[in-house]
Amino acid sequence: MGVNSAYASTIPAVFKLVEAVLNIIIIILVAVTPTYTANPAAGWILFAAILSIVVSLFFYIIHLTNVIYKLSGPLTFIEFMCITITGVFQFVCIIVAAATAGGLGTIIATAVLHGVSFAIYGVDAFFLFALYKVHGGYLNNPSVAQPQVDSVPPQQHYQQQQQQQPPQEDQHQFDYPKFTPSMFDNPAYAQ
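Quick note on numbering: the sequence shown equals residues 54 to 244 in my numbering.
Quick caveat, the hints were computed from the structure, so don't treat them as lab data. Here the structure is a predicted model, which is why all the values come from computation and not from measurement. The C-beta atom is built at its ideal place from N, Cα and C for all residues, glycine as well. Take these hints with a grain of salt, some might be off.
Simulated restraints, written as ranges between beta carbons of each label pair [said to hold, decoys possible]:
hint : residue 1 : residue 2 : range
1    : A59       : V145      : 33 to 39 Å
2    : G156      : S58       : 30 to 36 Å
3    : T88       : I115      : 35 to 41 Å
4    : V187      : N119      : 36 to 42 Å
5    : G158      : I64       : 28 to 34 Å
6    : A152      : V67       : 39 to 45 Å
7    : N119      : I64       : 17 to 23 Å
8    : A151      : I77       : 17 to 23 Å
Construct all of the structure, not just a fragment, from the sequences and the given hints.
In C-alpha coordinates:
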(Lines of atoms letter the chains of each structure in order from A and count residues from 1; the text may use other names and numbers.)
(Lines give C-alpha, C1' and ligand atoms only; values in the text may rest on other atoms or scores of the structure.)
Protein backbone atom coordinates (compact mmCIF):
# COMPACT_ATOMS: atom_id res chain seq x y z
CA MET A 1 0.00 0.00 0.00
CA GLY A 2 1.81 3.08 -1.28
CA VAL A 3 1.38 6.68 -0.36
CA ASN A 4 -0.34 8.90 -2.90
CA SER A 5 1.92 11.92 -2.52
CA ALA A 6 0.13 13.68 -5.37
CA TYR A 7 -3.07 13.78 -3.29
CA ALA A 8 -1.32 15.70 -0.50
CA SER A 9 -0.97 18.74 -2.75
CA THR A 10 -4.55 18.79 -4.05
CA ILE A 11 -7.17 21.28 -2.94
CA PRO A 12 -9.41 18.70 -1.19
CA ALA A 13 -6.41 17.43 0.81
CA VAL A 14 -5.50 20.93 1.93
CA PHE A 15 -9.14 21.54 2.89
CA LYS A 16 -9.17 18.39 5.03
CA LEU A 17 -6.02 19.45 6.86
CA VAL A 18 -7.27 23.01 7.39
CA GLU A 19 -10.59 21.64 8.69
CA ALA A 20 -8.75 19.45 11.20
CA VAL A 21 -6.45 22.27 12.37
CA LEU A 22 -9.36 24.72 12.80
CA ASN A 23 -11.25 22.19 14.90
CA ILE A 24 -8.18 21.52 17.07
CA ILE A 25 -7.97 25.28 17.70
CA ILE A 26 -11.70 25.31 18.55
CA ILE A 27 -11.20 22.51 21.09
CA ILE A 28 -8.35 24.44 22.69
CA LEU A 29 -10.39 27.66 22.85
CA VAL A 30 -13.31 25.92 24.56
CA ALA A 31 -11.07 23.94 26.90
CA VAL A 32 -9.16 26.99 28.19
CA THR A 33 -12.36 28.77 29.22
CA PRO A 34 -13.17 27.32 32.67
CA THR A 35 -16.41 29.26 33.12
CA TYR A 36 -17.74 27.93 29.81
CA THR A 37 -16.84 24.26 30.15
CA ALA A 38 -19.67 23.73 32.65
CA ASN A 39 -22.15 24.99 30.04
CA PRO A 40 -23.93 22.19 28.11
CA ALA A 41 -23.26 24.14 24.90
CA ALA A 42 -19.55 23.44 25.39
CA GLY A 43 -20.28 19.72 25.21
CA TRP A 44 -21.99 20.10 21.84
CA ILE A 45 -19.20 22.30 20.48
CA LEU A 46 -16.54 19.84 21.64
CA PHE A 47 -18.47 16.87 20.22
CA ALA A 48 -18.86 18.54 16.83
CA ALA A 49 -15.20 19.61 16.76
CA ILE A 50 -13.92 16.14 17.66
CA LEU A 51 -16.25 14.48 15.14
CA SER A 52 -15.08 16.94 12.48
CA ILE A 53 -11.44 16.11 13.17
CA VAL A 54 -12.12 12.38 12.97
CA VAL A 55 -14.09 12.67 9.70
CA SER A 56 -11.56 14.99 8.03
CA LEU A 57 -8.51 12.99 9.03
CA PHE A 58 -10.20 9.67 8.18
CA PHE A 59 -10.90 10.72 4.61
CA TYR A 60 -7.49 12.40 4.31
CA ILE A 61 -5.72 9.21 5.39
CA ILE A 62 -7.70 6.83 3.18
CA HIS A 63 -7.09 9.09 0.17
CA LEU A 64 -3.41 9.51 1.03
CA THR A 65 -2.85 5.75 1.38
CA ASN A 66 -4.99 4.88 -1.70
CA VAL A 67 -7.24 2.69 0.44
CA ILE A 68 -10.29 4.51 -0.92
CA TYR A 69 -9.70 2.98 -4.36
CA LYS A 70 -9.73 -0.54 -2.90
CA LEU A 71 -13.06 -0.16 -1.08
CA SER A 72 -16.31 -0.95 -2.81
CA GLY A 73 -19.41 1.18 -2.74
CA PRO A 74 -20.26 4.76 -3.65
CA LEU A 75 -17.42 6.26 -1.62
CA THR A 76 -17.58 9.67 -3.25
CA PHE A 77 -21.21 9.93 -2.23
CA ILE A 78 -20.44 8.66 1.29
CA GLU A 79 -17.63 11.19 1.66
CA PHE A 80 -19.87 13.95 0.30
CA MET A 81 -22.60 13.10 2.82
CA CYS A 82 -20.15 12.91 5.76
CA ILE A 83 -18.59 16.26 4.88
CA THR A 84 -22.02 17.83 4.34
CA ILE A 85 -23.35 16.58 7.69
CA THR A 86 -20.19 17.78 9.41
CA GLY A 87 -20.68 21.16 7.74
CA VAL A 88 -24.23 21.31 9.09
CA PHE A 89 -22.85 20.53 12.56
CA GLN A 90 -20.41 23.42 12.11
CA PHE A 91 -23.30 25.73 11.22
CA VAL A 92 -25.22 24.68 14.34
CA CYS A 93 -22.06 25.31 16.38
CA ILE A 94 -21.87 28.86 15.00
CA ILE A 95 -25.34 29.52 16.36
CA VAL A 96 -24.74 27.75 19.69
CA ALA A 97 -21.40 29.48 20.32
CA ALA A 98 -22.73 32.91 19.35
CA ALA A 99 -25.86 32.51 21.47
CA THR A 100 -24.03 31.32 24.58
CA ALA A 101 -20.83 33.40 24.34
CA GLY A 102 -21.83 35.78 27.11
CA GLY A 103 -19.05 38.19 26.20
CA LEU A 104 -16.28 35.60 26.48
CA GLY A 105 -13.66 36.37 23.86
CA THR A 106 -12.60 32.75 23.41
CA ILE A 107 -16.15 31.64 22.67
CA ILE A 108 -16.69 34.53 20.25
CA ALA A 109 -13.48 33.40 18.51
CA THR A 110 -14.89 29.86 18.54
CA ALA A 111 -18.02 31.08 16.75
CA VAL A 112 -15.90 32.89 14.16
CA LEU A 113 -13.69 29.83 13.61
CA HIS A 114 -16.79 27.67 13.23
CA GLY A 115 -17.91 30.12 10.54
CA VAL A 116 -14.62 29.75 8.69
CA SER A 117 -14.77 25.99 9.11
CA PHE A 118 -18.36 25.96 7.83
CA ALA A 119 -17.27 27.83 4.70
CA ILE A 120 -14.40 25.40 4.10
CA TYR A 121 -16.69 22.40 4.60
CA GLY A 122 -19.12 23.97 2.13
CA VAL A 123 -16.45 24.37 -0.55
CA ASP A 124 -15.16 20.86 0.15
CA ALA A 125 -18.70 19.50 -0.21
CA PHE A 126 -19.05 21.39 -3.50
CA PHE A 127 -15.90 19.76 -4.90
CA LEU A 128 -17.06 16.35 -3.70
CA PHE A 129 -20.45 16.83 -5.32
CA ALA A 130 -18.77 17.76 -8.60
CA LEU A 131 -16.59 14.66 -8.32
CA TYR A 132 -19.68 12.59 -7.56
CA LYS A 133 -21.37 13.88 -10.71
CA VAL A 134 -18.31 12.93 -12.79
CA HIS A 135 -17.58 9.50 -11.28
CA GLY A 136 -21.10 8.53 -10.32
CA GLY A 137 -20.03 7.81 -6.76
CA TYR A 138 -17.70 4.88 -7.41
CA LEU A 139 -14.01 5.72 -7.27
CA ASN A 140 -12.94 2.16 -8.07
CA ASN A 141 -14.99 1.90 -11.26
CA PRO A 142 -12.61 0.63 -13.96
CA SER A 143 -14.65 2.27 -16.71
CA VAL A 144 -13.90 5.73 -15.29
CA ALA A 145 -10.42 7.16 -15.80
CA GLN A 146 -8.72 7.69 -12.46
CA PRO A 147 -6.76 10.89 -11.80
CA GLN A 148 -3.11 10.42 -12.70
CA VAL A 149 -0.09 12.49 -11.84
CA ASP A 150 1.28 14.27 -14.90
CA SER A 151 5.04 13.80 -14.88
CA VAL A 152 5.54 16.32 -17.70
CA PRO A 153 6.39 19.86 -16.51
CA PRO A 154 3.65 22.40 -17.33
CA GLN A 155 5.72 24.24 -19.97
CA GLN A 156 6.48 21.04 -21.88
CA HIS A 157 2.86 19.91 -21.50
CA TYR A 158 1.70 23.16 -23.10
CA GLN A 159 4.21 22.77 -25.94
CA GLN A 160 3.05 19.19 -26.53
CA GLN A 161 -0.56 20.33 -26.73
CA GLN A 162 0.36 23.04 -29.23
CA GLN A 163 2.18 20.54 -31.42
CA GLN A 164 -0.73 18.08 -31.37
CA GLN A 165 -3.38 20.62 -32.38
CA PRO A 166 -3.95 21.09 -36.11
CA PRO A 167 -3.52 24.64 -37.42
CA GLN A 168 -6.80 26.53 -37.33
CA GLU A 169 -8.16 28.98 -39.85
CA ASP A 170 -8.13 32.61 -38.93
CA GLN A 171 -11.36 33.19 -37.10
CA HIS A 172 -12.47 36.53 -35.88
CA GLN A 173 -14.78 37.20 -33.01
CA PHE A 174 -17.67 38.36 -35.22
CA ASP A 175 -17.37 35.81 -38.04
CA TYR A 176 -20.61 34.08 -38.84
CA PRO A 177 -20.64 30.29 -38.86
CA LYS A 178 -20.20 28.60 -42.17
CA PHE A 179 -23.46 27.00 -43.34
CA THR A 180 -23.43 23.70 -45.11
CA PRO A 181 -25.80 23.08 -48.02
CA SER A 182 -27.38 20.17 -46.16
CA MET A 183 -28.67 22.61 -43.60
CA PHE A 184 -30.80 24.36 -46.20
CA ASP A 185 -32.00 21.05 -47.65
CA ASN A 186 -33.85 20.37 -44.40
CA PRO A 187 -37.64 20.52 -44.97
CA ALA A 188 -38.08 22.41 -41.71
CA TYR A 189 -36.37 25.43 -43.30
CA ALA A 190 -38.46 25.29 -46.46
CA GLN A 191 -41.23 27.84 -46.74
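Query raised in the report: Can the suggested window of 28 to 34 Å be confirmed for the beta-carbon pair G158 and I64?
Result: holds, 32 Å
Query raised in the report: Do the beta carbons of T88 and I115 sit within 35 to 41 Å of each other?
Result: holds, 39 Å
**Report entry** Assessment of proposed distance window 30 to 36 Å (beta carbons of G156, S58)
**Finding:** violated, 46 Å
Report task. Please test the hint of 17 to 23 Å on the beta carbon pair from A151 and I77. Result -> Cβ of A151 to Cβ of I77: about 21 Å, so the range 17 to 23 Å holds.
Report task. Confirm or reject the claim that A59 and V145 have a C-beta distance inside 33 to 39 Å. Result -> Once the Cβ atoms are compared, 35 Å apart, the range 33 to 39 Å for V145 and A59 holds.
Query raised in the report: Would you say the C-beta atoms of A152 and V67 sit inside 39 to 45 Å of each other?
Result: With Cβ atoms ~31 Å apart, the hint is violated.
**Report entry** Status of the given 17 to 23 Å range, CB of I64 versus CB of N119
**Finding:** Holds - the Cβ-Cβ distance for N119 and I64, about 18 Å, lies within 17 to 23 Å.
Query - Cβ separation of V187 and N119, checked against the hinted range 36 to 42 Å - result: violated, 19 Å
In summary, the numbered hints that this structure violates are 2, 4, 6.
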